[in-house]
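J.: Protein chains in written order, with the working numbering: chain A, 789 to 976; chain B, 533 to 649; chain C, 1148 to 2142.
Please note: incorrect hints may appear among the correct ones.
[Said to hold, decoys possible] Example chain B residues on the side facing chain C (calculated, C-beta under 10 Å, incomplete):
(1) D565
(2) Q616
(3) R631
(4) D634
(5) A636
[Stated by the list, open to error] List of simulated lysine-lysine pairs, BS3-like, C-alpha gap at most 27 Å:
(6) C/K2072 x C/K1895
(7) C/K1917 x C/K1895
(8) C/K1657 x C/K1535
(9) C/K2139 x C/K1823
(10) C/K1837 x C/K1895
(11) C/K1895 x A/K829
(12) C/K1895 x A/K826
(13) C/K1579 x B/K629
(14) C/K1941 x C/K2139
I should point out that these hints are in silico values taken from the structure, not numbers from a laboratory. Since we're looking at a predicted model, the values are computed, not measured. Ideal Cβ positions, reconstructed from N, Cα and C, are used throughout, including at glycine.
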Amino acid sequence: MYSAVSALNGVSNVGFATVTEMGLCGMITLRGDLADAKLAKVITSATGADVPAQRRVTTSGDHAVAWMSPDELLIMLPHDAADAMVATLTEGLSGQHVLVVNVSDARGVFTLSGDGARDVAAKLAPVDFATDAFDINDIRRSRLAQVPAAFWMSAPDTITIVAFRSVAQYVFDVLSKAVAQGSEVGFH
Amino acid sequence: MLILNCPYCGVSADETELTAGGEAHLTLATVGDDDAAFEAYLFMRKNPRGVHFERWRHANGCGKWFHAARCTMTLEVFGTYSAQTSEPPQEIIDSIKARRPDWALSDWMGTGKGDAV
Amino acid sequence: MSMRLETGGRLINRGTKTRFTFNGTDMHGVEGDTLASALLANDQMLMGRSFKYHRPRGVVASGGEEPNALMGTGKGGAFEPNQRATTTALYNGMMVHSQNHWPSLDHDIGAVNDKLSKFLGAGFYYKTFINPRFAWKHLFEPVIRQSAGLGKAPVERDTDTYEHFYAFCDVLIVGGGIAGLMAALTAGKAGDKVILLEQTAHMGGRAAVDHVVDGAVIDGMEADDWINATVATLNDMPNVTIRTRTQGSGIYDHGYALGYEQCSDHAPEAKGPRHRLWRIRAGRIITATGAIERPIPFAQNDVPGVMLAGAVRDYLVNYGVVVGGRTVVVTNNDDAYRTAIALHNAGQKVPAIVDTRLNPQGDLPNQARALGLTVLAGSGLAGVDGGKRVSAVHVCDQSGTGDVTATIPCDCVAMSGGWSPVVHLWSHCGGKLTWDEDAVMFRPDATRAPTGADGLANVIAVGSANGHLTTADVLHDAAGALGGKAVAGDTVTEEPVDPCWMMPANAPYKLQSKAWLDFQNDVKVSDVRQAAQEGYESVEHTKRYTTLGMATDQGKLSNINGLATLAEKLGKSIPDVGTTTFRPPYTPISMGAIAGEAAGDVFQPLRRTPIHGWHVDNGADFEPVGYWRRPYTFLRAGETTEQAVHREVLNTRTNVGLLDASTLGKIIVKGPDAGKFMDMMYTNMMSTLKIGRCRYGLMCSENGFLSDDGVVARLDDDTWLCHTTSGGADRIHAHMEEWLQTEWWDWKVFTANLTEQYAQIAVVGPKARKVLETLGGMDVSAEALPFMAFAEGKIGEFDARAFRISFSGELSYEIAVPASQGRAFWDALLAAGAEHGMMPYGTEALHIMRAEKGFIMIGDETDGTIIPQDLGLHWAISKKKTDFIGKRAQERSFMANTDRWQLVGFETLDGSVIPDGALVLAAGKNANGQTNTQGRVTSTYHSPTLGRGIAMGLLHNGPDRMGEVVEFGDIDGGVIAARVVDVVQYDKDGEKQNV
């Protein structure tokens, strides 16, 4: 039996903050009319989480639903539950104009944790990471250095970063550089 | 370096998150239109000195296209709005007029390449 | 001599000694020294040679405006040229070298230029070195490059790291003098989020130095006590951030500003980045950048020992260093008297204060007189004696022509031509200036301020930067700008400055031609006057003609004196002449800071497939494809690249090959209107594609040109999967979204870019089916999975979607599995394929095989000016559809016309390989005398399968010329004869792929 692997197999680097690749994560892209009541009902019943408001993430147990754009959600869940969730949502939304697709393996997912997490993120993204601008369960799509990335404040002092799988090594390398001891900024 | 408010994300986006898409509110010319109309659609662009309507995409963000009303001289932004419209909405016109009382949309509609508003 | 006194120096710690070397000589400094103060303390007056005349130069200033004292510091990977000694912190073990001299600082051959200076005036470069032309390459350029130029570029890779930091605030304050502190206090108390940047290591600016002399009192405290108390208050405010050693170096559109933080230049052994570039977005920006003192243009004002009066005072008060034992002060204003008084109080001799004003009676001049100092009113300097340092000054009547009235021995001249507000940042983003006749300065015009995204003023200049030179005015201005109330400030009163643009006023040419305006670029009063004489009126043109202000200091000291000189000669007023444009950065910042983290391995975001690790471990010779790195070939021991490629081709054609095709774009298009949308995107009819089948499709731009190609599969009733080229996935996905969002927004279609969800592996060759059958799982027989069909299911234990498509002409399966299974699937295929002679192959083998088959490659056969019809792809262009993107453009006469260069194959008569890019020659010459052409090669390889060169290319009316022999031009001027043949040179009938 083979073993499925994430882009960087859970590698981590400890500096003044800690960057960790999260290993295999389940992710589903859902495109549709987010204002549609039936869609909301199907999502809540399948994930336990409500359809999030603009730039917010809702959570329920090991499921999270993130607002990605006015017609796109990202559903995060255990890797091995993704195919079944795609099937559930597809069936629940049959007849509706939606696109539900498993994108688990198209992503590299990282957490950035520790007191300096906001400062580290602010080295790489043109985003205001101050607490009054970026709070728990806020999500912001932007760029991380030279690649697109989504930043989710998933816990106090923890930012979950979602990027494309092919640049996972790049993302890990720039984050590792940014957490290096001696490069503390002390701004946030 | 500009900041534009993405009307879809509701964030003030740094220019490095955006890509520019040139003049807004072009009317598609295609099969059935004569050569002159097709050439004008494909190649001819306004280059006003002053108020301009542009297409921008929040490429490193939600990925959505939107429109911006902007002064090409001062870089003042009068507002951003949905890409799903063929002309600037009234509230954008109003906010331009609040700052440029003498300006009229017809000035812009009539501007050709290189003309001044 | 210059030396350190026994006492004094507010910024140094005498207890901690610092060792460093200057041009190999051991020297000592103390903690807190700048490089300049340490060199002066070691009596090292001579710090460099000037740019053009190689004249001996010493330090002039004490801050970022320094034009002369530029040094190379460090060594190896830490070497840095052109560091200003005045702003470079000394550290233990520092290695310093002076620049722009040969063979040594003391004995410089280039100094002969000084003797020739009469012939090297304004516009010299433009007037000379024109003819003869050949002399440029062999004589002029090498000589100029040897003799001009500042520091040498580093040769080793930079060993330091750099980073960026994005920060957002309500109020950004640039400058930590009392104006900046007052502004920060005001904004901080109002609850604004404040960032305060100070370029030096110390807060307080000039007030911290000058209160020692003038006894300034702020809010009832000595100025430096108020500074310390205020810094402490600000540090306690959570909404205020203070960064020292951080220069506000540029202001840009919409409140964007750059801060240049020198994190470890003063402590190179420290961990962390050397520089950090702060990329700040601020609601309002306060420029509290202070003022810069102007030199006075008099003859030999560039001799080492002639310095700005404020700088002489800084070295004394801050570092306990005196430039000389006898200092003559020459001034047109009261401020320079502070220097005279400070020196006197420190026990130094000040034989005279030479003042251009007829009767200076301000507080400071009278204080000086009371101390017994001699004030020579209405006087100027007709010149100084000395080569490598000042030995005497010649005093004259300021209103005269320079008749010497007295000669005063001295070893330092402290000059002050008045103060100019630092308006650079104000001006970076469009702030305008106004000329203040009384204060003799350009100051910011608040009615024409830079504006932000809302169109309203967003930059405010305060304090000295706004033209306020006294303590009370500075504080009042800074607090008032933010709607606050200033603390009280009290100091001496000063009399007005007397404009002085040449000393003496009626100096003859002989004096003008030795009166320096721009020290760094060697521009003198006579050069600017000459430019005016020759007809230059615009200050911008004069700048370029004379090079005034074009050096690395951007004319911080020379700007105002230069344009006043021009104005005088032109008979215009100074505001009529105007200033040149101030551009960021304020002082040069490092390339490393600009690059930030983007260096070394993360210079570019390289993309790696799920199988990348295997490639690295197995001899892959990578090539870039966009940001992807794909194996070009897999080298085995002892093989050349060419041998490896040929092995891979032949093995794939005879046994079976394995290709990592994960980089291919994979875009899902789904929805009730997806078929209609697909028909618009592609030239082909895609809506009729049957479920479970594949079709090769073309995409064009609106201008009709071929943009991308790939195989489309129909997954179900309303879902298509579009394969794009490796480099094209993001672009094509964006192209689709653009049309859906901005033109057909009422069409019900969703897209998703699934490129990276899958690892895609091509199993290619006559034995491909056997390999898959070894693994087991889905039925891959010709009946169950025919050519141009696909199937979903398990292959071995993997979740697979297998496409029967071929880019090689062989029996071929392209199999997509989830990326997390990709590496394991690759390994399983290799294991299963071992008994069938399977070998992986790279992109070059792929290219050769597709060229043998006459398949086009986007980017080889296309270059953005090629339409599908040029490539014989008419069959892929639907004639049934009313429209598709590119159709209208292709109806234009010049595209509909078949009289174009069109794709054919070429077979060289001698079997050789046509060089890349070769042109097909035609008879005659064009208007430029170049041989006419009638085509070009687009793909050219040695085919190991056919044992000869094969090529494809575009040829005028090519398809009508089969069998004709044409000539390609070779690089060496020879010709290569080739026969025009069919593009398909191998397995014309496609029997091998359809089995």
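J.: Going back to the hint list, which numbers does this structure go against?
T.: 4, 5, 6, 7 and 9
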